[in-house]
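Construct all of the structure, not just a fragment, from the sequences and the given hints.
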Amino acid sequence: MTITTNFAASCCTAALFSLSATALSAADLEFYFPVGVNAPAVETIQALTDEWAAQNPQHSVKAVYAGNYEETTTKALTAANAGQPPQVAVLLSIDLFTLVEEDVIVAISDIANTPEDQAWIDGFYDGFMKDAEFEGKTYAIPFQRSTPVYYYNKDAFRAAGLDPEAPPTTWDEMIDMGKKLTLKDDNGNVTQWGTRIPTLGLGGAWLFGGLVVSKGDVLTTETGIEARIDTPATQASLEFLLDLSKEGVMAPGGISWGDTPKAFLEGQTASMWTSTGNLAFVEENATFDWGVGFLPGGDGPGAPIGGGNFYIFKDTTGEEREAALDFIKFMTSPENAAKWSIATGYVAPRADAWETPEMKAYAERLPQALVALDQLQYAEREFATFQRAKVTQYLVEAIESVVTGNAEPADALKAAQEGADDVLKDYR
Amino acid sequence: MNKRLPLGLGLILLVFPCVLLVAFTHYPAARALMNSFWNNASSRRPSKFVGVENYQTLLEDDRLMQVMLNSTLYALGTIPLAIGLAIGMALLVNAKLPGTSLMRLSFFMPTMLPMIAVANIWLFFYAPGIGLASQILGLFGLPPINFLGSTETSLLSMMFVAVWKEAGLFMIFYLAALQAVPTTLKDAARLEGAGPVRVFFDVVMPLLRPTTIFVAVNALINAFRLVDHVIVMTRGGPNNSSALLLYYIYEVTFSQRDFAYGATLTVLMVCLLGILAAVQYWVLNRKAHYQ
Numbered sequence: 001m002t003i004t005t006n007f008a009a010s011c012c013t014a015a016l017f018s019l020s021a022t023a024l025s026a027a028d029l030e031f032y033f034p035v036g037v038n039a040p041a042v043e044t045i046q047a048l049t050d051e052w053a054a055q056n057p058q059h060s061v062k063a064v065y066a067g068n069y070e071e072t073t074t075k076a077l078t079a080a081n082a083g084q085p086p087q088v089a090v091l092l093s094i095d096l097f098t099l100v101e102e103d104v105i106v107a108i109s110d111i112a113n114t115p116e117d118q119a120w121i122d123g124f125y126d127g128f129m130k131d132a133e134f135e136g137k138t139y140a141i142p143f144q145r146s147t148p149v150y151y152y153n154k155d156a157f158r159a160a161g162l163d164p165e166a167p168p169t170t171w172d173e174m175i176d177m178g179k180k181l182t183l184k185d186d187n188g189n190v191t192q193w194g195t196r197i198p199t200l201g202l203g204g205a206w207l208f209g210g211l212v213v214s215k216g217d218v219l220t221t222e223t224g225i226e227a228r229i230d231t232p233a234t235q236a237s238l239e240f241l242l243d244l245s246k247e248g249v250m251a252p253g254g255i256s257w258g259d260t261p262k263a264f265l266e267g268q269t270a271s272m273w274t275s276t277g278n279l280a281f282v283e284e285n286a287t288f289d290w291g292v293g294f295l296p297g298g299d300g301p302g303a304p305i306g307g308g309n310f311y312i313f314k315d316t317t318g319e320e321r322e323a324a325l326d327f328i329k330f331m332t333s334p335e336n337a338a339k340w341s342i343a344t345g346y347v348a349p350r351a352d353a354w355e356t357p358e359m360k361a362y363a364e365r366l367p368q369a370l371v372a373l374d375q376l377q378y379a380e381r382e383f384a385t386f387q388r389a390k391v392t393q394y395l396v397e398a399i400e401s402v403v404t405g406n407a408e409p410a411d412a413l414k415a416a417q418e419g420a421d422d423v424l425k426d427y428r
Numbered sequence: 429m430n431k432r433l434p435l436g437l438g439l440i441l442l443v444f445p446c447v448l449l450v451a452f453t454h455y456p457a458a459r460a461l462m463n464s465f466w467n468n469a470s471s472r473r474p475s476k477f478v479g480v481e482n483y484q485t486l487l488e489d490d491r492l493m494q495v496m497l498n499s500t501l502y503a504l505g506t507i508p509l510a511i512g513l514a515i516g517m518a519l520l521v522n523a524k525l526p527g528t529s530l531m532r533l534s535f536f537m538p539t540m541l542p543m544i545a546v547a548n549i550w551l552f553f554y555a556p557g558i559g560l561a562s563q564i565l566g567l568f569g570l571p572p573i574n575f576l577g578s579t580e581t582s583l584l585s586m587m588f589v590a591v592w593k594e595a596g597l598f599m600i601f602y603l604a605a606l607q608a609v610p611t612t613l614k615d616a617a618r619l620e621g622a623g624p625v626r627v628f629f630d631v632v633m634p635l636l637r638p639t640t641i642f643v644a645v646n647a648l649i650n651a652f653r654l655v656d657h658v659i660v661m662t663r664g665g666p667n668n669s670s671a672l673l674l675y676y677i678y679e680v681t682f683s684q685r686d687f688a689y690g691a692t693l694t695v696l697m698v699c700l701l702g703i704l705a706a707v708q709y710w711v712l713n714r715k716a717h718y719q
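In the order they appear, the protein sequences are chains A and B. When we follow the working numbering, the leftmost residue of the first sequence carries the number 1, and every step to the right adds one. When we follow the working numbering, the leftmost residue of the second sequence carries the number 429, and every step to the right adds one.
No wet-lab data here; the hints were simulated from the structure. Just so you know, these numbers come straight off a predicted model, no measurement behind them. All C-beta atoms in this analysis are idealised placements derived from N, C-alpha and C, irrespective of residue type, glycine included. Hints should not be assumed to be uniformly reliable.
[Unchecked claim] Quick list of the computed label-pair ranges, beta carbon to beta carbon: (1) K184/A to P456/B: 54 to 64 Å; (2) V711/B to D315/A: 48 to 58 Å; (3) L487/B to N113/A: 20 to 30 Å.
[What the hints assert, rightly or not] One side only, chain A facing chain B, incomplete, derived with CB under 10 Å: (4) T49; (5) G188; (6) G201; (7) A398.
Following this line, the structure appears as structure tokens:
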């Protein structure tokens with residue numbers, strides 16, 4: 001009996017304690033974030049988070065590094081399904097449909113509903129807001145956004161007799177210049193390839209979206225229920241990837257996303273397609289003169305937009321949502337967006353961030369950073385549908401089976417389209 | 429000495445392990461079985477009973493066929509090789525040779541490294557053009573091989589890592605078993621005029637059989653449930669050429685969030701492993717020699 005009483009008493013004390021704790025700190029935020037690039041991202045995020053906590057002593061925030069994008073999404077969804085979601089998280093922009101379907105996030109436009117808030121939301125680049133909106137509401141706030149760009153080794157261009165200030169702008173030029181940039185040793189083995197476009201996995205599917213945009217089409221529309229995998233534009237794009245290896249400009253077989261920056265820095269390839277998120281990594285490690293250009297296009301420039309947005313989770317109190325919104329505003333303020341962009345290479349998502357003195361100095365020092373911003377007007381949303389992971393897998397398989405020589409483009413794309421339609425028919 | 433445990437304590441000691449067993453073994457298994465008869469619910473699609481629909485999908489799933497083929501090849505390719513290598517290494521470090529401790533340590537080293545670290549190291553070895561494997565090929569004037577990026581070599585490359593990593597662990601078991609072999613038996617065989625080869629195959633090998641059963645069952649289970657290396661090195665690609673069963677389950681369940689189909693695949697895997705383990709015990713046990 002005494003045990004029970006004591007237990008009850010300590011429960012009461014604990015409850016009182018937590019009550020007073022709540023009164024002291026209005027909200028305890030948990031913030032999940034991923035790192036998808038080679039950059040000192042964790043330290044920068046931690047520093048920014050600490051700064052916000054110092055400015056808002058009534059709140060607390062715990063920044064949780066949760067792995068790569070996919071791992072972070074899995075972790076956040078699992079926590080949300082268990083009733084303990086993080087209050088705020090940075091997750092892939094293309095996971096919007098998944099998060100809506102699982103009913104775990106709140107529309108940010110429902111919390112941020114004053115005119116000032118609206119002005120703040122309007123300050124983000126339209127290109128980045130395309131995949132943050134659904135059914136007339138703003139669900140996410142752009143943070144670590146990127147597009148792929150064409151990185152090239154200017155020294156290799158000079159050695160091949162090419163103009164180092166004129167990177168290729170079309171697919172044909174990529175093949176012509178690529179032939180001059182491909183070097184072989186005495187045994188006939190290639191020591192330097194002309195280019196490297198990752199073709200494996202999700203990274204490959206992302207870049208493939210850029211090829212398709214440059215042929216005037218898109219892989220998915222904003223409805224989330226349409227995948228356009230089997231079209232003339234996808235056909236041409238896949239043929240182009242094959243042509244690159246047939247013409248001896250790119251290594252045959254699948255090319256991995258992860259090895260690509262290393263191969264570029266080691267001089268194994270004279271150019272590469274990869275995210276702007278690797279700018280800081282390349283700048284730090286390149287031992288040669290390098291430049292950045294638009295992605296060469298089929299019928300004109302074209303690129304996919306990618307990266308992560310801030311989301312606020314549903315199973316939260318009003319105070320927590322307010323605090324989360326304030327935290328997001330802080331993280332995307334011009335100064336902090338600039339800091340984040342400089343540390344990583346991600347494209348700062350607001351025009352006012354590019355007006356800060358730090359950003360101007362950075363652009364002066366590293367003009368390569370401006371290329372992605374200029375390219376933004378030709379960029380389109382990344383592949384995103386309901387059941388995104390399942391549908392994208394069909395696209396990934398189509399690309400992989402063709403580049404590894406196991407299928408013909410037409411057959412592979414047709415099969416992928418059928419698979420995707422089969423998944424999406426439930427949503428129509 | 430006939431003091432008995434109080435009934436209450438006895439019950440607690442009984443209940444506690446039972447709760448753990450039910451919570452972490454039986455409940456998840458029963459739940460997976462149940463889930464496999466329902467569809468995958470979400471806010472936009474209500475949950476409903478679908479009967480054996482998920483099992484019909486299973487039969488028509490081309491990816492699953494590929495995954496099962498991969499897993500089988502993987503098991504057939506890695507287990508005999510790893511066991512053979514383990515016995516060889518155990519014999520080597522059991523012999524009275526100089527530097528035995530160093531050899532033991534170096535053979536066991538791969539097993540001590542965490543899986544993810546191992547996968548990352550090999551990822552770098554395999555990187556075409558820049559990796560160690562390509563550098564070695566280059567010394568002989570050979571072109572670099574895209575180990576993980578082509579459908580012909582991705583599974584083989586994973587198998588190589590598995591043998592390298594598992595042989596060291598199995599060696600430990602065989603080493604312990606070898607040291608338990610009574611010298612009298614070997615001496616007797618030698619007195620009868622048997623050479624070292626004959627002694628090994630007719631005296632030592634039969635005594636190692638219980639160890640072989642244990643190792644083979646474990647190796648088989650490992651072959652079907654390997655997931656870490658696949659995630660780090662290939663994500664099952666290219667074109668599913670290196671996807672193994674548990675990786676596929678992980679992919680379907682956590683990446684594609686299709687819990688119903690993931691549960692169906694889990695039921696398949698549990699049945700399969702149960703059958704395989706039962707057959708192995710039955711076949712090998714009949715031939716096992718115990719002292």
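Could you tell me which of the numbered hints above are not met by this structure, giving the numbers in increasing order?
As far as the earlier hints go, 3 and 4 are violated by this structure, in ascending order.
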